[in-house]
Structure formats: C-alpha cells, structure tokens
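J.: So the number in the working numbering is just where the residue sits in the sequence shown, counting from 1, plus 1339.
Think of the hints as simulated: they come from the structure by calculation, not from any bench.
Please note that a few of the clues may not be correct.
[Stated by the list, open to error] With a cut-off of at most 20 angstroms between alpha-carbon atoms, the simulated DMTMM-like pairs for lysine to aspartate or glutamate come out as follows:
hint	residue 1	residue 2
1	Lys1785	Glu1748
2	Lys1669	Asp1627
3	Lys1674	Asp1624
4	Lys1669	Glu1725
5	Lys1430	Asp1440
6	Lys1674	Glu1541
7	Lys1674	Glu1765
[Stated by the list, open to error] Ranges between beta-carbon positions, derived for each pair:
hint	residue 1	residue 2	range
8	Leu1489	Leu1423	35 to 45 angstroms
9	Glu1703	Ser1411	43 to 53 angstroms
10	Asn1729	Asp1407	24 to 34 angstroms
11	Ser1452	Gln1350	21 to 31 angstroms
12	Asp1627	Leu1423	49 to 59 angstroms
For every residue, glycine included, the Cβ atom is placed at its ideal position computed from N, Cα and C.
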Amino acid sequence: MPQRALTTLQQAASVFHLDLQREGFVPSPEEAKAIQDHSDLLLSEIGRLDAILHDLATAREKLIAQVDVHRSLTSPVHRLFPELLSEIFLKATESQLTSLDPTNMPRTIARVSTTWRRVARATPRLWTHVVATSASELDKYIDLYFNLSLECPLDMHCRDHRLLLNFWSRLGPYAQRWRSVRFVGNGDVLRDLGHVHAAHLESLYIDAFGGPFHAKRILNLTAPRLQRLAVHLVALDTDCQTFLQPTSLKMLATLVINVIYPFPATYVLPVLRLCAATLVHVEIDVIDPQAYEQTFRSGLSMQPLSMHSLKRIDLSHSACAIFYHITAPKLEVIKVTDGVDYLPDAMEAFTTRTTSPSRIRLLEVDINERADVTHDGVTSMIHVLERMDNLEELRISSFPSPNPDAVLECLVCRGDTPPLVSNLREFEYADYQSLDLLLEVYRTRKEERIVQGKRVAALSCTYTDW
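Work the whole structure out from these sequences, hints included.
T.: See the structure below:
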C-alpha cells in the first residue's frame, strides 16, 4: 500500500474508531466536522488508488497480450503440414454446418494469417455448404466462394421459398455434385421446376406447402443414389403419390413423411412399395391429429407388403394402420405416438403375420387420450407382447382402456409362471393410478431368475422409493 494512503488511514483510525461507538460516543459539531474532513481525505485516497489500479490493470492486459503474441509466434501449429491444418479447419467448422451462414467459420479462419488463408482457400470442402436466406446471400456465395469448392459434393439449403426458382436455376447446372438438398416451396412452384438429374444426391428434404398434390410426383427429380428422403406436407391427398421418380427410390434407406392432417395409411403404400427392399427406417408422422375425428381405420391387407430390410418404424395417429398392410421380419424398434384406438389390433395383425416378431427389442406405445381402447384391444396388446420374446425395452406413455391393469398383471413374475417378455430389462409405465401394481412388477423382477426353465432378466427400475 502506498505510504501516503497508509499514513492517512492511520491518522483517521487513531482518532475515530468503533470503540467510541461502543462507549456511546455522540460527536459534537466540531467533532462531526473533523470526522467528515477525515472521510474526505480517505475518499480522495481511494480515488487516487483506483486510478493507479486502473493503470496497472491496463498495463497488465498489454503485457498478457504481448505474451500471447509471443506464444502465438512460437506455437507448434505453425509447423503443421498444410494437409493436417486443413483437417483441423474442417473439424472446427462441423458445429457451424447447420447455422444460417456456414461460411462464417471458414471466413474467420482465413483472416488469421496469410498461411491460414492460403490453406483455407485451398481446402474445397470448407466451401461446399450453401445456405440461401436471401438473394444477396446466394449471390455472395456464388460470386465469392462457389469456385473454391472445386468439384466437391455440395450440401444445399434454400430457407426462403421465394428464392427457390432462383436457387434451382443457378445451382441446377451443378446437380451432378449435389449431395444433400433441403428446401421449402409452394406446390405450384415445385411443379414448375425443371427436371434435374442428381446422380450423386444422397439426402433430400422437401417442405411443400399449398396443394392439394394430386399428381404422382411433387418434384421432377431423378436421384438414383438417394438414401434419405424427408417430405413435409399439409395433406396427403392421393393414393398414388410417390413424391419422386420411381428410379429415385430404389436405394432409399430412410423415409420420413410428415403430414399436418390425418390421412389413410394406404396412401403411403405406393411409395413404400417402390423402396420396400431397401428401407431400414420409416417415420410417418401426423402433426395435428386433432384436426379430424376420423382415424382412417383400414381393413387387413390380404397380400401385405414385405419390407425385408426394415429395422425401425416410427408412426403416429392414423399412420398406425400401416401395420395392417406390411410385414417386416427384421424389425427391431417400434415407436408409436398419438396412437389410435385400433393400434393394438393393427399390431396384433402385424406380429401374427411377421415371421420374426421376436427380433423386436424396443417398443414405445403412446395412445391418444381421446382414443377408446376396448377390452378386445387390451387382449390384442397382450397377444402382441406374447410374441415379442426378446423385447428388452418397453415404454407405455399412455394406454387409455377399461382395464389398464391387465397388461401389468401379465408382467408380474409370480410363482412358477414366467411373465410376459421375460427378457425385459427396462420398463416405463406412465399410469400412476396403477403404481402399486407397477411396483410389484419391479419387485418381482428385481433380480434375474429361472422360472420353468426360462430365464427372466433383471428389470431396472426408474423409481427410487420402491
């Protein structure tokens, strides 16, 4: 502490201190003035010390900045081979690929030094992500960065439907380089887009508003190597919709269909039929299940579509009826949200006709609270579980029925009778009105055991007080 400030403090403390207050000291006018004078001197010293501290802090920041410069100059990064530096740049930009401007990180990297700029501009994969949010941004990318991508595959996203025609016309000539495309557009505009042959396109997301779409295809695009297709529609209006050219669906592994309003599940059969041999994951989602009271139940198909590669299916609302029309011998995961009242019956039909329902290891069931599952529906659900010998995870979020405890009763391990799904390891049930029975399921299956020669796996519990 500077001597001047210390002297001022000692002088004040020697005359006025807390002992005076404890002794009931009440200052006279002259003593009060003396206290104020000492306070003014102390505040003056505080201000002077603050200025000194500010100068010291500024000097310290400059010293640290200079040390950083020295460290930067001697950093090992300057001795890295350009090929390794290029890979580091690519890794650094991965988190920015979904941003509004994926070129922001490469541009920032290119400003660090002439060496980094040279390496960044010589790394074509840094400049392959096109995100069009406005006409000016699209022009900027094409004028400044497109040539830097050389012949690398392009990942493109048109965020504004008003740009789609411009976007399509300017980048359509490079369709051979398209790897992934994502765009939003009015149905009338989509139909007016010229034909494009994207030989190497792997992923396509179409957000199509307007309609209705009565034609077989909503986009005149050929993509023989397409592996993932996601389509978002307001409504599915026809039973002959395939979305794309049939040749674009021959290698499809993932199909996602999001429709706002409920629709008959049979409307998706044409597109499923074209890619039944290769589909691994299907997701059909009804976004607004309350839009119609009708649930579009359909009859059992006498010649079900065999989906030999399908391993996962995600369905909601009226899309659940698809179980009446398909078989999937390799299916491992079923997830249903906002299910309709006939879901148990549809799943029983599916598991009865599927040759290997025991391959299913995860089942999630959420039936809409307004659905009316009958006693027969409860029985059907039990029959479904009986066929899933190797089920490991079961989650029932909602199962409105006249006898919700019937399923839980079959899961309890009592005496010499093996419970349903004896291989079950994780179980969640959201109906807390049946909490006692639920806890009995956990208690009786807490440890692995052998019942009638059948192994019953230990069941983990999500409740801490059981």
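J.: Hints first: check each against the structure and report whether it holds.
T.: Verification of the hints:
| no. | hint | in the structure |
| --- | --- | --- |
| 1 | Lys1785 with Glu1748 | holds (16 angstroms) |
| 2 | Lys1669 with Asp1627 | violated (30 angstroms) |
| 3 | Lys1674 with Asp1624 | holds (11 angstroms) |
| 4 | Lys1669 with Glu1725 | holds (18 angstroms) |
| 5 | Lys1430 with Asp1440 | holds (16 angstroms) |
| 6 | Lys1674 with Glu1541 | violated (25 angstroms) |
| 7 | Lys1674 with Glu1765 | holds (15 angstroms) |
| 8 | Leu1489 with Leu1423: 35 to 45 angstroms | violated (20 angstroms) |
| 9 | Glu1703 with Ser1411: 43 to 53 angstroms | holds (52 angstroms) |
| 10 | Asn1729 with Asp1407: 24 to 34 angstroms | violated (58 angstroms) |
| 11 | Ser1452 with Gln1350: 21 to 31 angstroms | violated (57 angstroms) |
| 12 | Asp1627 with Leu1423: 49 to 59 angstroms | holds (51 angstroms) |
Figure legend: structure checked against the earlier numbered hints; hints not met, in rising order: 2, 6, 8, 10 and 11.
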